[in-house]
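Keeping their order, the protein sequence lines are chains L and F. With this note's numbering as the guide, the letters of the first sequence map in order to residues 1 to 276. With this note's numbering as the guide, the letters of the second sequence map in order to residues 1001 to 1288.
Hints listed in this document are in silico derivations from the structure and should not be mistaken for laboratory results. You may find that some hints are simply not true.
Stated by the list, open to error - Which chain L residues face chain F? A few, computed with CB under 8 Å, are given here:
id, residue
1, A70
2, L72
3, E103
4, T105
5, M107
6, P108
7, P119
8, L122
9, Y150
For glycine and all other residues, C-beta sits at the position ideal for the given N, C-alpha and C.
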Amino acid sequence: MNFVAEADAQSQGTRAGDGRPLIALRAISKVFSNGTLALKDMSLDVGRGEFLSLLGPSGCGKSTALRIIAGLGEPTSGTIDWPTAEYDTAGHPHPEIGFVFQEPTLMPWATVFSNVWLPLRLKGVSKSAARDEVIETLRMVGLEAFARAYPRELSGGMKMRVSIARALVTKPKLLLMDEPFAALDEITRFKLNNDLLELWERFGWTVIFVTHSVFESVYLSERIVVMAARPGRVYTDLRIDAPYPRHDDFRTSTVYNDNCRRVSEALHEAMGERTH
Amino acid sequence: MSAIDAGKIRSADEENDRLVPQSAGEGIANRAARLAIPAAMLILLVVAWQIYVTVAHVPHYILPSPVRIAQAFVTDWPILGRALLVTLKTTFLALGIALVSGVALAILMAQSKWIELALFPYAVILQVTPIVAIAPLILIYTSTTGEALLICAWLVAFFPVLSNTAQGLHSTDHNLLNLFELYGASRWQTLIHLRLPNALPYFLAGLRIAGGLALIAAVVAEFAAGTAGEDSGLAFRLIEAQHRLNIPRLFAALVLLSLTGVLIFAATSLLSHLLLRNWHESAVRREN
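Generate the whole structure from the sequences, applying the supplied hints.
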């Protein structure tokens, strides 16, 4: 096996216990049925407990990569390896994933409780058995008072919180987020950024966060993978060396600004390369 | 006019602002107005009709007065009542079968593109061919006229249920489908917890159309079949009354048909309202 990326000590992630990555993507390519090369030769190791952002312009394949990691759609070529996950008897890994979409993607006919209960329900957990877990997860996102509300009664930010609670209720090891806050106003987005970081520090899941915002990715991540478009590919892999916990004062700090400039330049190079 | 507009605005408010409980007095006054205005209009119309017929000496075999029609109702009730029962039985049986078969076929078609490709064109052909044109053929193939009428009414009521439910099953949010896939939901779980609830509003829209169509088809098919005797429904009594120039009875039968149609529409609308309103009602409960 080729562990070139792993030799890079930085990409190991500070929390990775035994040095093995949680996910290892090897030369992943994806061609859509209309012939579009969405992703070309993507290799990436994600360390356990890492907060990693995939940053890039639209069409760079960042969402495609996330979906492939989630198991929604097979890569056209390349392999995905879960070195530390448990495998079932059929040889399929059980990566324990939570997924948050760009839209809240809630069932409008179901209450907040039922929406969060859904992942457990699909595993055969009854309502009464799931109750404590669902309420506890709702408390984590600050919505325990809204368990009986329907999605249409909630604001955009609250719906997104429900969506996050639904992703967390199964206690996943890996949280995949596909531009989850892109449609929210700035105040709500900052608040949710802070809450997400707080939960991440508390529970130590691995997060892969897809975004097109330089500022959001620098604020949140330990590591930013900048991607380029046409064909979608990894352009560069940057580390954000700023200690956690990060709070609102981090947004105005010099470290933050310097990093934003650095990431911004990398993104522009990635986009500029396309036009030449 | 303005009162009707006010009614519309009120119901729009209801949609947007369920969290704010309406004061009871305002609600009752509004509801009363919504009932009183059409009722007053109806009374006005009937009175004008009566006055016109009396003053202009219109013969009852051309246009009977409301009073004469009411008399026909009373005297002919044994005939009309039995006919109404026959028509109602055909309508509701056909509607019931249409609901079950329409939903079942829609679910079947949602399982695979191939099944849909194989079946849907024939459902469309059955729908677009005028029922009056198929009725004679159906009459040949069935042993009783009642069966033929049932099949005709079913054919007409079936399509809106099928196409609406199929549309609802198809228009499930892609991300939600992905989510179910991610959590390893079985086909059955996806159907029960996602596709069917998603299709419910579409199905109910189909039901409201199918309810009215079932009645219309039951009447049209009876015109085409021309039944007589014990089994005859309102449509036959209507034609019979025309042939005998018993115009008051014709009007009475017509009124019965209209009333039945209105009641079916009201019932299906109420059912739809009750089922869909549930999605929002917990808001009110939460506030209390």
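Now for the hints, and whether the structure bears them out:
1. The beta carbon of A70/L comes within 6 Å of a beta carbon in chain F, closer than 8 Å, and the hint placing it at the interface holds.
2. Given the 8 Å rule on beta carbons, the hint for L72/L holds: about 5 Å separates it from the nearest Cβ of chain F.
3. Among the interface hints, the one on E103/L holds; its C-beta lies about 6 Å from the nearest C-beta in chain F, closer than the 8 Å criterion.
4. Evaluation of the T105/L hint against chain F yields a held restraint, the C-beta minimum of about 4 Å falling below 8 Å.
5. Evaluation of the M107/L hint against chain F yields a held restraint, the C-beta minimum of about 7 Å falling below 8 Å.
6. With a least beta-carbon distance of about 6 Å to chain F, the hint placing P108/L at the interface is held under the 8 Å criterion.
7. Against a cut-off of 8 Å between C-beta atoms, the interface hint on P119/L holds, since the closest Cβ of chain F lies about 5 Å away.
8. For the restraint placing L122/L at the interface with chain F, the shortest Cβ-Cβ distance is roughly 5 Å, inside the 8 Å limit, so the hint holds.
9. For Y150/L, the shortest C-beta to C-beta distance to chain F is roughly 6 Å, which falls under 8 Å, so the interface hint holds.
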